[in-house]
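Please model the complete structure; the sequences and the hints are all you need to start from.
There are 2 protein chains.
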Amino acid sequence: MIRIGLFSKLSQVPVKTLRYYDEIGLLEPAEIDSFTDYRYYSVTQLPRLNRILALKDLGLSLNQITLLLEDELPVEQLRGMLRLKQVEIQQRMGQEEEKLTRVAARLRQIEQENKMSNYDVVIKKVEPQRIASVRDVIPSYPEQGHLWQELETELVRNKIKSTGPCLTLYHSDEPKIDAEVCEPITEDVSLPKNTRVQTRELPAAEVAAVIHHGPFNTLSESYEAVLKWIEANGYQINGPGREIYLQPPAEGGSQTDPDTVTEVQFPVMKS
Amino acid sequence: MIRIGLFSKLSQVPVKTLRYYDEIGLLEPAEIDSFTDYRYYSVTQLPRLNRILALKDLGLSLNQITLLLEDELPVEQLRGMLRLKQVEIQQRMGQEEEKLTRVAARLRQIEQENKMSNYDVVIKKVEPQRIASVRDVIPSYPEQGHLWQELETELVRNKIKSTGPCLTLYHSDEPKIDAEVCEPITEDVSLPKNTRVQTRELPAAEVAAVIHHGPFNTLSESYEAVLKWIEANGYQINGPGREIYLQPPAEGGSQTDPDTVTEVQFPVMKS
DNA sequence: CTTGACTCTCCACCTACTGGAGGTTGTATA
DNA sequence: TATACAACCTCCAGTAGGTGGAGAGTCAAG
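Read top to bottom, the protein sequences are chains W and B. Per the working numbering, the first sequence starts with residue 24, numbered consecutively. Per the working numbering, the second sequence starts with residue 24, numbered consecutively.
Some hints here could point you the wrong way.
Remember, identical chains collapse to one label, so a pair may be satisfied in a single copy or spanning two.
Distance condition first, Cα-Cα at most 20 Å in a straight line; then the derived SDA-like pairs of lysine to any residue [said to hold, decoys possible]:
1) Lys122 x Val110
2) Lys216 x Ile183
3) Lys182 x Glu244
4) Lys251 x Asp94
5) Lys138 x Val98
6) Lys108 x Ile133
7) Lys108 x Glu120
8) Lys32 x Thr186
To be clear, the hints were calculated from the coordinates, so they are not data collected in a lab. Bear in mind the structure is a predicted one, so any value in this text is a computation, not a measurement.
Structure representation (structure tokens):
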């Protein structure tokens, strides 16, 4: 019977940790003096402690280890756990690699411009959304006013309210700009078929997004930033870009109102 | 001004998290109603939130981000941080890779023997240790009794006490077994030079270790386990193996006492 | 006016420990 | 045998980045 300090020295596990393992019932001392509360261990407990360390090292939680050691090794289950761990570790390695790419991209960006970019691209998942929309080819980006009017008119006529910020999808820009202006609506509304306004489901997507705070006529900066980012981080565009009008410009100065807030999103996938 | 739920939906950050960010001063709402305590955000706060998410994604802690955003971007410092992060991520990837190797090795071992091994190998660092020792070539492993006697005699004569469990170093076993029996001692003792007993420093080392609980005549199982492990996990032996006699056998049944506890260590390095 | 969706604060919990305060116990030396 | 001093004890708090729930107040629609 040896005291906790020596047991700690032999096993190279801190005293505090041994006490903690006692507390959670993972490794209880062979004996506890009921007068002094001193913990007394036996060297024959070292194999168990080593097993604990080995399993911990494989990435198992102390809870899992406790169960494994209690239930007297159901080999099948252990095998399953390890397989899971394998997958988990591989995933984490993939994530670390992506993170490394992003850090490197950021560093390059800083080296080049010698300041932190004003645009921070984030990846997020957007949920599927029911929308009412009008789609048409337009001569230039700012000229979508009539599409918006067409959409609004139809919605007002059918007393439909929008359920969130409106947005535009750009299906292509070469040779002509193919735009679809959208207004999110609830699931259950339906529209007459005799207009160009249709309702459909905007699919869920993983998007690279950037927030543009400033007038529309500087939107290209945001586009540049997000497109650069997508390239630098090894993604590929996977659907029509979206512009979400979080804070539309005041009437009149639509191109230059500096208090406009717009989110630019591109659906992406890992390439 | 929008409420927290909508801000959460726009940013895809959970409400709870936004409240937490408020609490730690990372992102405070543009306004708080002093009667109802409702938080009101502005969409113009989305860029800041996106910056937070982007930096978090690079692996910075919320604390670091708070500082960065407060101190108005000292570019140099950010660059330094990112370089550090790069190194850190690379290290973590290395560790994950090793972990993967270990999990795979375990799995193979389980597949082969269809049970969990009785021997759990762990890597640990052992500290440097002052020892008194006698070294000689012996005909077989069990025949080290006379070396131990020689060592004990000298220690008793000089009234030196051992400061821990004794051990044997095996410098080679081919063609002959070259063994050094050792007794740990305090820093400051010295011995006369006219005997074969010498004192020296056992260097610190990273070792692969396994605990053998059972009679000496089954020690080979532990050796097999640790040597297999070293190979399977891509390590190389880097010094003489050590046997540490944590619980020496009772007098008499030295080869067969089942309550013997011995630690087998091999200094290793990554190959 | 009621219902139901939002929001608030406060508390506890998660992992695997670590650090410290304040109080015993064991051991070595004078 | 007295006294240091190391080793040990328990209990409490804190770490990072949140998540979950209780209980109470607020807002908008019908």
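Going through the hints against the structure:
Both within a single protomer and between protomers do lysine 122 and valine 110 lie at most 20 Å apart by alpha-carbon distance, with minima of 18 Å and 12 Å respectively. In this homomeric assembly, lysine 216 and isoleucine 183 come within 20 Å of each other (Cα to Cα) only inside a single copy, at 15 Å, whereas the closest approach across copies is 102 Å. When the C-alpha separation of lysine 182 and glutamate 244 is checked against a cutoff of 20 Å, the pair qualifies neither within a copy, at 37 Å, nor between copies, at 82 Å. Taking the closest pair of Cα atoms, lysine 251 and aspartate 94 never come within 20 Å of each other, the shortest separation being 54 Å inside a single copy and 27 Å across copies.
Only between protomers do lysine 138 and valine 98 lie at most 20 Å apart by alpha-carbon distance; the minimum there is 6 Å, versus 56 Å within a single protomer. In the homo-oligomer, the alpha carbons of lysine 108 and isoleucine 133 lie at most 20 Å apart only across protomers (15 Å), although the nearest pairing inside one protomer, at 37 Å, exceeds that limit. In this assembly of identical chains, lysine 108 and glutamate 120 lie within 20 Å of each other by CA distance both inside one copy and across copies; the values are 18 Å within and 12 Å between. Taking identical chains as interchangeable, the C-alpha atoms of lysine 32 and threonine 186 lie at most 20 Å apart only when they sit on different chains, with a minimum of 12 Å there against 65 Å within one chain.
When the structure is compared with the earlier hints, violations turn up for hints 3, 4 and for no others.
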